Amino acid sequence: MIISPPFLPAKVANETDAAYLDRAMREGVPGDGAFPVSAELNWHGGVHLSARSEGQEGREILPVRAIADGTLAYLRQPTERNDDMHHALNYQGVWTDNGCIVLRHETEIGEGESARVVFYSIYQHLASIAPAVPRQVGMPVYRKDVLGQAGMIDGASDKIHFEIIANDAVALLGRSSAKLDPRRGNGRTDSCWGDAHFHLPPELPCYDARPASWLAPDNAAAGSVARPEQSLFVRLRYAKGQCTLSTLSETGEVLGERAETEGFEYDLYATACERYPACPSAGYELLRWGRVLGPDALRPEQAAHWRQIALPAGAAWVNLNAPAVTCFSDADFPHWLGWQLLDDDSDSDAHCQSPTVRAVLKLDQEPIFPDGTDAISLASSPAYDSLPAEDRDFLAERYEIECQRNVSALQAEYRKLQRFAFRFPSEWAHSEFDSRYGWWLKLQRDNAEAAQQYQHLKAHQMALAFWEDANLSDIDSRHWHLPPRAFIEAFRQCGWLSAGELTQLLPMSALRKVHGYWVSEPVRFLDQTARQLEARRSKLNKSLRTHGIAGSPYRLAAFFGNAMQETQWFSKLYEQNPSAWYSPWDGRGFLQLTHADNYIKYWRFRGRVVSEALRQQLRSAAQIAHQHQNNSALRDSNFHELTVEMIQWRNDVADDQDDTGPSACAYWSWSGAARFADQAPVMLRQTVTGAHTFVYYSSVPFGQVAATVNFGKPVNDPFSLAHVNGIQARYQGYISALMVLSEGLRFPDTIGGQHEQPEGYIPRRI
219 MIISPPFLPA KVANETDAAY LDRAMREGVP GDGAFPVSAE LNWHGGVHLS ARSEGQEGRE
279 ILPVRAIADG TLAYLRQPTE RNDDMHHALN YQGVWTDNGC IVLRHETEIG EGESARVVFY
339 SIYQHLASIA PAVPRQVGMP VYRKDVLGQA GMIDGASDKI HFEIIANDAV ALLGRSSAKL
399 DPRRGNGRTD SCWGDAHFHL PPELPCYDAR PASWLAPDNA AAGSVARPEQ SLFVRLRYAK
459 GQCTLSTLSE TGEVLGERAE TEGFEYDLYA TACERYPACP SAGYELLRWG RVLGPDALRP
519 EQAAHWRQIA LPAGAAWVNL NAPAVTCFSD ADFPHWLGWQ LLDDDSDSDA HCQSPTVRAV
579 LKLDQEPIFP DGTDAISLAS SPAYDSLPAE DRDFLAERYE IECQRNVSAL QAEYRKLQRF
639 AFRFPSEWAH SEFDSRYGWW LKLQRDNAEA AQQYQHLKAH QMALAFWEDA NLSDIDSRHW
699 HLPPRAFIEA FRQCGWLSAG ELTQLLPMSA LRKVHGYWVS EPVRFLDQTA RQLEARRSKL
759 NKSLRTHGIA GSPYRLAAFF GNAMQETQWF SKLYEQNPSA WYSPWDGRGF LQLTHADNYI
819 KYWRFRGRVV SEALRQQLRS AAQIAHQHQN NSALRDSNFH ELTVEMIQWR NDVADDQDDT
879 GPSACAYWSW SGAARFADQA PVMLRQTVTG AHTFVYYSSV PFGQVAATVN FGKPVNDPFS
939 LAHVNGIQAR YQGYISALMV LSEGLRFPDT IGGQHEQPEG YIPRRI
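Here my numbering is used: the first residue of the sequence shown is 219, the next is one more, and so on.
Calculated from the structure, these hints are not laboratory results.
Be aware that one or more of the hints could be misleading.
Ranges between beta-carbon positions, derived for each pair [said to hold, decoys possible]: (1) D372 - D745: 47 to 57 Å; (2) S797 - I279: 21 to 31 Å; (3) G330 - Q845: 42 to 52 Å; (4) G718 - E584: 50 to 60 Å; (5) E468 - A831: 47 to 57 Å; (6) Q662 - E272: 36 to 46 Å; (7) D301 - A396: 44 to 54 Å; (8) S691 - Q662: 37 to 47 Å; (9) Q526 - D935: 32 to 42 Å.
No more than 27 Å apart at the CA atoms, straight line, and that leaves these computed lysine-lysine pairs for BS3-like [what the hints assert, rightly or not]: (10) K634 - K397; (11) K931 - K819; (12) K580 - K397; (13) K458 - K229; (14) K660 - K580; (15) K731 - K790; (16) K931 - K790; (17) K458 - K757; (18) K458 - K819; (19) K731 - K931; (20) K676 - K634; (21) K458 - K931; (22) K676 - K660.
Fair warning: this is a prediction, and the values are worked out from it, not measured in the lab.
Ideal Cβ positions, reconstructed from N, Cα and C, are used throughout, including at glycine.
Working from the sequences, and respecting the hints, build out all of it.
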């Protein structure tokens with residue numbers, strides 16, 4: 219899944235994703251346009267967002283965009299604004315726009331059918347709808363496509379109501395219960411991304427030192443360190459080369475943090491080889507995810523995972539691979555980070571009567587009224603009819619008092635609700651208005667005037683409602699409402715690429731020099747290439763996850779910018795160049811692993827045994843072959859220790875899905891490519907001339923990644939990047955991938971202007 223907010227301001231240098239989302243999703247305040255309840259404690263299934271952006275480019279009104287690839291599920295053109303105070307959309311004398319688009323998103327967040335998910339995004343209160351938006355239900359809409367312009371909500375301009383809903387929360391969030399039960403076992407394996415998390419039960423010992431061997435699970439010689447009696451949770455976060463371990467309580471309180479040595483993530487390959495020499499690939503996964511998710515086994519089977527964590531009593535060493543420890547990832551939506559799934563309000567009205575919400579807001583701890591309920595609940599209950607007249611009259615006053623109390627409670631405790639998912643009826647149904655809002659009439663002081671106001675409110679709601687018109691086939695009117703900001707922020711870490719997303723990475727054309735002249739050739743994606751790619755896609759996605767590439771758009775773009783060019787746009791996973799001096803150790807896999815040294819390095823990483831004598835023989839032969847530019851010294855028959863099985867291993871790097879992706883990602887890790895990929899790209903406009911002048915964009919950080927892939931190491935002189943094989947096409951692949959995977963970038967023109975798309979850019983559509 220690739221996902222982004224519905225407004226996309228330009229990115230700011232060195233900005234975190236959380237900071238970017240703060241600017242992109244400027245939400246309504248608690249009690250007024252915020253999720254999940256209003257000041258009246260009525261359910262509010264989405265958020266009000268402002269289209270106004272202030273950044274480096276000054277103040278601008280941003281267009282509304284699709285948050286992910288999907289299909290059109292519903293479209294309603296906005297009613298033209300008018301001054302008729304009796305018009306349903308001029309409720310209480312102020313206009314509200316009713317343009318509306320609903321998109322259906324079916325995508326993947328991991329491996330297999332259990333990780334195929336469906337959700338909907340709702341864009342309400344549009345002032346206009348973009349001409350390019352399809353008018354036919356079922357037609358494709360792509361992430362970042364402009365949907366229209368934000369409209370008015372209750373007279374406030376440049377705003378939309380934005381919602382994310384789903385019929386099934388289990389596939390998306392991994393469970394149906396409110397909270398995880400960490401003692402029942404590890405979290406999901408079909409979907410695993412973001413940070414790793416560990417449940418440390420009270421009986422898990424903490425030590426003042428680790429054992430002499432990283433592999434040893436026994437640490438009896440060390441002294442113990444006092445720890446809290448309750449369960450602890452450790453969050454393991456990798457970001458831009460750093461690794462941070464945070465210790466949390468079950469309520470999410472951070473009890474302490476500790477950072478590993480500088481560049482720990484960038485050095486993770488070397489660390490895995492040092493600590494888990496019998497099978498570094500399994501150790502690598504243990505260090506990154508806390509468990510082995512791939513096909514390679516730990517050796518020994520009970521190898522430890524020692525980490526130093528921060529406790530209130532000081533630093534302590536723990537074995538995160540101890541039998542009592544359970545492991546999770548952000549894909550499990552841990553409750554200790556605030557995620558809960560709540561279906562505890564069974565009423566059909568619009569009023570929130572969730573005991574959990576009331577407890578979070580502390581409404582019953584120090585109640586204003588002693589009866590443990592509220593005015594709306596009383597007005598909706600059968601007991602209302604038996605209330606004395608004076609008690610009914612007092613309900614209106616009580617309602618106003620409680621609304622003021624609710625706003626104060628929401629402002630104080632709102633953050634605790636920001637990661638809650640709720641199941642309740644849609645507010646956009648025509649047929650259920652009276653059952654949802656009938657209580658309103660009973661809480662007004664002047665019943666005669668209130669009846670007229672109620673009809674105006676009902677007409678206003680009918681002008682905005684669409685649920686029956688949309689006729690969405692695979693979702694009920696009572697469904698799950700996902701917290702929009704938190705949902706997007708979480709799934710931006712996923713990075714699992716569907717077949718369509720992977721295909722879109724390909725540029726439509728690429729530059730190549732033919733007989734000394736530059737030409738721009740179409741990049742074709744043939745059926746045979748599609749079948750070959752699909753057969754390897756799942757294992758490639760898992761390898762990208764294992765090596766920390768999948769969670770970063772910049773890393774993914776840098777990986778595929780090289781992989782696409784190296785494989786002739788996914789069509790050729792084997793160089794098959796028998797005349798090359800380095801054949802038969804020529805390029806294979808997504809990054810065209812080349813030379814015997816690299817093959818052996820990869821095999822040893824996977825725990826396969828290759829003698830040092832054979833490695834040295836092949837290395838000496840390669841030097842001779844390079845010197846004479848002839849591969850006779852490298853013939854397989856020259857090496858008695860080169861077994862039939864090893865030759866098959868070599869072929870598997872091109873042919874076997876268990877090796878084509880893993881070999882490329884292993885090379886990425888040991889070459890240190892992420893050090894450069896993590897640097898924000900600064901685009902430079904470049905041209906080459908053939909029959910025409912062709913424009914492309916370069917970026918020095920990506921150029922260094924390309925040099926690392928092609929040369930085996932970065933270059934000291936940036937001008938040397940021009941010697942990278944196919945560097946122009948690599949840049950084009952990189953930019954094409956960035957356009958699919960990222961957002962908010964800017965591309966210069968010849969006169970100093972900045973644009974959100976590269977000059978001449980044509981997206982690949984499927």
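Please list, smallest to largest, the hint numbers that this structure does not respect.
2 and 20
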